[in-house]
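Peer 1: The primary structure of each chain is shown beneath.
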Amino acid sequence: AQKPPAEPVGTDEDSEEVSGDVEVVNVGWIGSLTGDQAVWGNCEFNTVKMLFEEINEKGGLLGKQINVIGYDTRGDAMEAVNAVRRLTSQDNVVAVIGPNASGQAIAISSVLEDMQVPGIATVATNPKVTIDDDGNVKPFNFRVCFIDPYQGAVAAGYAIDVLGFTKAAILYDVADDYSQGLTEFFEKTFVEKGGEIVAKEAFKFGDVDFRPQLSTIKGTNPEVLFMPYFFKEVALSANQARELGIDAVLMGGDGWPSEVLLEMAAEAVEGSYFVNHLDFADPEVQDFKATYTAKYNLPVELNGYLAYDAVRVLEKAILDADSFDSVAIRDALKGVSVKGITGQINISPETHNPEGKDAAIIKIVDSDYIFQQKYSAD
Amino acid sequence: MTVILELKNVTKQFGGLTAVGNMRFQVEKESISGLIGPNGAGKTTIFNLITGIYNVTEGEIIFEGKRINGLQPYEIADTGITRTFQNIRLFKKLTTYENILTACHYNTDYSILDAVIRNKKFRRGEKNLFQQVDDLLDIMELKDRRDVVAANLPYGLQRRLEIARALALKPKLLLLDEPAAGMNPDETIKLMHLIKEIRERFDLTVLVIEHHMDLIMGICDKIVVLNFGKKLAEGTTQEIQTNPKVIEAYLGEEDVIC
Amino acid sequence: MLRVKNLNVYYGGIHALRGINIEVQEGQIVSIIGSNGAGKSTLLNAISGMVKPKEGIITYKGKELPKTPHKIVDLGICQVPEGRLIFANLTVKDNLMMGAYLRNDKKKINEDLEKVYQLFPRLQERINQMAGTLSGGEQQMLAMGRGLMGNPDLILLDEPSLGLAPLLVKTIFEIIEDIKKMNKTILLVEQNAYKALSVADTAYVLEQGIIKKEGDAQEILQDKSILEAYLGKTH
Amino acid sequence: MGWYYIQGILILSGIYLLAVLGLSLLTGFTGLFSFGHAGFMAVGAYATAVATMKFNVPFLLGLALGGLAAALVSLIIGKLTLNLKGDYFCIATLGFGEAIRLILDNVQYFGGARGWPGIDLKTSLTNVVIINIIAVIILVNLIKSRHGRNMQAIREEEMASQIIGINVFKYKMISLVISAAYAGVAGGMLAHYTGFIQPRMFQLIKSTELTIMVIFGGLGSISGSIIGAITLTALPEVLRTFHRWRLVVYGAAVIFIMITRPQGLMGGYEITITNIKKLFSRITSFGKKKHTVGGDGK
Amino acid sequence: MSAFFQQIINGLSIGSVYALMAVGYSLVYSIMNFSNFAHGGVIMMGAYMGFFLMTIFQLPFMMAFALAATGAGLLAVTIERIAYRPLRKRNAPFLYFIISAMGASIFLENIVIATIGPTFRTYPRVFSTTPFKLGGISIGRLDAIMFVISGISLLILIYIIEKTKTGMAIKSTAYSIRASTLMGVNTDKIIFIVFALGGLLAGIAGVLFGMKYTVYPQIGFITMKSFIAAVFGGLGSLPGAVIGSVLLGVIETLTAGYISSQYRDLIAFILLIAVLIFRPSGLMGKITEDKA
Ligand SMILES: Nc1ncnc2c1ncn2[C@@H]1O[C@H](COP(=O)(O)OP(=O)(O)OP(=O)(O)O)[C@@H](O)[C@H]1O
Ligand SMILES: Nc1ncnc2c1ncn2[C@@H]1O[C@H](COP(=O)(O)OP(=O)(O)OP(=O)(O)O)[C@@H](O)[C@H]1O
Ligand SMILES: [Mg+2]
Ligand SMILES: [Mg+2]
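Chains as they are written, first to last, in my numbering: chain G, 1349 to 1726; chain D, 82 to 339; chain V, 238 to 472; chain P, 4 to 301; chain F, 1045 to 1336.
Simulated from the structure, these hints should not be mistaken for lab results.
Predicted model, so just to flag it, every value in this text is computed and none were measured.
Where a beta carbon is used, it is the ideal one built from N, C-alpha and C, also for glycine.
There's no promise every hint is true.
In silico DSBU-like cross-links for lysine-lysine, where the CA-CA straight-line distance does not exceed 35 angstroms [to be verified]:
1. F:Lys-1233 x D:Lys-174
2. F:Lys-1233 x V:Lys-417
3. V:Lys-308 x V:Lys-344
4. V:Lys-345 x V:Lys-300
5. V:Lys-344 x F:Lys-1330
6. F:Lys-1209 x V:Lys-345
7. G:Lys-1552 x P:Lys-88
8. D:Lys-224 x V:Lys-450
9. P:Lys-281 x D:Lys-174
Sample of chain P residues at the chain G side, in silico, Cβ under 7 angstroms [claimed, not checked]:
10. Gly-115
11. Arg-243
12. His-246
Take the sequences, apply the hints, and build the full model.
Peer 2: In structure tokens form, the structure reads like this:
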């Protein structure tokens, strides 16, 4: 049976509310509900709300109801800091889920440390999210996604080792940390493995026309064109590349998967590969996808899966800790192990990253995301 | 008598139009000279050239023996020349007091740092300025409008305030562009006396453009008449009033009233 | 033709016009004189709709005037404003054409244009000059010319001789009398009280927002006290 | 309850206030409109971070260096663009702001677009408040001096300023440099508040917000700028629970203020002891005369 | 060589997008003398209107196009009524208009995010997207259409402004509302017309942009570039807006293609400053000397 869509939770009254004699425990979420990253933020928030409802319906956690208080960050690091300060000091949350970008995640990390509240980032892929400059792990910062170096290396390794390409070109977003991170490690691995980067061109966030760069790339005849950025730009640049007559295989990262991509650029991305966190066709994923779509009448964006895993990790940690004490949860998070939707997640106590998580290589065939294989960089 | 200002063959062209052509005249120190001529003769343009708002196309402007054309307007003000405008240009949203106070800035030299730490030099400087403004308000009879915003002053008082602001610089040469425009005859006569008075008081040299002949004839030691950018005549009030060329081009036959 | 009744205008706290009553007969020249800040311009602006009076009724040809300025212009009332307000970014010709904005009779417009050029030959010389670069006096001619291009029945002139050379002042007053002969009505505000009174039929003396005196222009011209206050010395 | 949170907002308001004070000098008192102040904040933030993190310079000295760096950059920008008028100057500053960000995005020494984490947390409420008090005093003293009056004259009427001997270019430059220095110090404090800087923190929208704060508070009013900075930093926080409607309300609020109080909250007035007294006596005496600034033409 | 021509074509194509946006912006600038930053918001709304008319209401393309353009025109007029007119009546300085415009732009972008949602939308395909091929060079169909449309709208606008009475009234109102009113011009109506035209152009730009790329709440962002292009060409000059746009497009492209794509915007911007140093009013802008 379906429930009506949840009220937007997170008002002050909600957080103070005690229904019946069941106690309510608050968990924080932050991310972009507005601004250029809003697509992802909204999906994450919806996912977290949905999963919490499910948990509460089944009787809650440790006998208590859990409630999510979510705040918008507009994709702005300052806003993220304010939001987390509010969550930790005013709303008394026991843990924070999110945000969905490294910049914000790094910015809030000192607040989490100060307030001793653990945070589980969803898709913040910069290594510095959990590790400080001196290489020490930050005690209260965790994540459920793999990191940039890993993803970049996977893409490069797969391109050269499996697909056998030796000439690669890169188009990336210079104003985006994610894109720069992937580019750096793709390039490094690809060259280390004996490949050649024949062109490396940049655009700037907000651009919609990439033909000048693509025309240059075309002149270098690459076998593979690496596009480490998000699906709107992927769709546009893929279309434009084909229009200009570039027939290289396109490759990308986890910014790719989206219904919109296929809607906008089905022909252009046919036969392309990208690195993903999971296989969309995996039977275990279908349940979640269906419930979400039924509830919100929207497709699940990739962030939804990672938010799902973040909730599972937190749930497990709370159960392991048998307490809602933030520090206890933190202790339990170190080394937590849970079967997530994107695979088995084992949080490493040394890095606070999910270690040994294989990447999924997806190929676009007949406008469908076809899982190729699990692949991990060595 | 020494010459304070000299125009040597000054020409100004706008595109094909020669607004001022080959102009030469001298202004004597501490005199009041008049610049008259039909509309569009080039009077205001000459003021704009002297004060550096326009660049001269050809020729030289000499002030106190030094060439001033080519300098920036503020540098020319530095040498001791200032003016009023035909279309009044006050600091509209500032009060009468502030308008004058701002123009007084020359008469003290404390630096930004002095101002920030409010040291003695600053306090002394400011006190001097306040005193000077009060004096000027007195002389120009603007005391009762001290705190009125300039834009809300009646037209005649705005003109008066412009003169006061110019005087605040303690200039050597004051250029007045139609100071009596918009004043009635009574006020014009008051203004005439005022100009005489300030000349005495500040040892000023005045060059004035006016169409009110009462004023011009009443105060000028010497008059230069322009027509079509060229000098038509030059001389004392008597000479000019009777010069047939001037009567034909400018004054008209009829006995002149104001 | 025009009747102003109990007009009160405020600028914020300033009571600029205090219960003004005036009447203008068709075909007459009516002069308003008064010192600086008396409220002369304010009165003209109230008639042309540019300032909103707080109180008072203005009727034109028996009907109350509309509130919006462009409708007032459409009735044939045209103001030549103080400070000229010419369009600095348009050429001399376009400025004149703007004067005829509400007219559609192309032929008549061109005739009037010729007339204006006859009155002010300088304008014809400068047909394509940007109006903003005209000399002060040339701008004043342009403002007058532009006003005439509207072919109005009632012309409100605000200090038309301001900044004009003596010879031209004479011309302007001749033109004013010419306009009157064309059976138009003129409401004239002037500092040059002597001239203004000599051409006028009726006159009002305005002082600090109040009508101090009104009556036949020639009579006022004879009035000693007025002479002293507004004319300075006589010639 | 929530002091930690409130403290955070106060610190952030204080940091923005500092930048707004500088911008207020430029926009409110000199009449120049800048869309590049986030760029100056960025310069200050990175310069301070380089000084403190790479050269172990003490925090306060680092801030000073940040301010200095922004001032130097503004000197170059000013040289090139201060002769431009109105919107041309706006667009030029906008471009410079974006250019600074683009350079930072590309320079890997500063971490490029990925940002620079791990900056020491040195900014506290105490030092924010002290620095702001000093900043206000400097600004007030500057404005109430011949130098400040010269700037206001330029705002009112450039040609007349020249004629009374004001070197317009020089004073515009002084104003720009001081305001950039304020923004630079603010940037440095920001870096040491979040411990992380990233070029995207200094997007155009930040410059816009600073300008909105200045105008919201009232041009030519320092107390207005203070109120503007604090209100507008706090407003989004107050609206935080509105989620995605928050910025809708914010946008509407900006329009509403502009059309109902176009002179801003304070509009050229200052809160000073004498003014408060005056207001008080006015209320008690039912005085009603108030001069409105009425202009005609446009 | 063909690579070079391809880059020129790329540049023209980008330039024509800027041009279409810049013309409407410049038109409003020329009369109101302030940068209407809400223009980007109107473009975005135009794009959404076109999209929904074609998808939800299933209207044929030309009809949706016309309705969206009209809708955008109405929106622009509404914004003028609400956000600018009260300021105009008070003779507020141009800064206030800009801030009000920014408020409007923040409002529009976020109301779309809050109601329609932040996701990108793709226009249904109307034209074949296969480009024309000329030798080794490909020319997008939509590019050609945009180029022609911006050219035509420029010509129509220039005709209106230079040859008609309304145009003269627009220019005079631009200079002084007060003086124009005295001439009998209904300035409110003139301003209505200008905003309606500006909005119409924004709507056209929005729909074409949406078709060429995609529809999303931040379309307004790209209009920043067209503002810069308009400044480059000379504010308030319509031909300037178009020439500035096309030049900016070509310069950007050649920079990206032959110098550095990383620093493309920087170089384009340095060029803009260089132009402004020598021509402080842009390429085609009138240099108005201040006459004392
Ligand atoms: N910037 C300019 N561009 C083109 N022509 C100009 C410019 N400035 C002035 N002129 C022309 O030069 C001539 C002289 O103008 P100027 O203002 O000096 O006259 P004037 O003697 O002051 O007249 P008035 O007594 O009417 O003020 C006029 O014909 C005017 O149109
Ligand atoms: N926009 C305004 N705001 C405030 N006060 C104004 C405004 N316009 C005029 N006043 C004031 O109203 C009064 C009447 O002004 P008005 O311009 O009507 O006088 P006037 O008789 O035309 O004077 P002048 O001979 O100087 O032109 C004056 O005290 C003036 O300061
Ligand atoms: Mg003159
Ligand atoms: Mg008047």
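Peer 1: Are the hints correct? Go through all of them and say.
Peer 2: Hint-by-hint comparison with the structure:
no.	hint	in the structure
1	F:Lys-1233 x D:Lys-174	31 angstroms, holds
2	F:Lys-1233 x V:Lys-417	34 angstroms, holds
3	V:Lys-308 x V:Lys-344	23 angstroms, holds
4	V:Lys-345 x V:Lys-300	28 angstroms, holds
5	V:Lys-344 x F:Lys-1330	33 angstroms, holds
6	F:Lys-1209 x V:Lys-345	16 angstroms, holds
7	G:Lys-1552 x P:Lys-88	29 angstroms, holds
8	D:Lys-224 x V:Lys-450	30 angstroms, holds
9	P:Lys-281 x D:Lys-174	20 angstroms, holds
10	Gly-115	5 angstroms, holds
11	Arg-243	6 angstroms, holds
12	His-246	5 angstroms, holds
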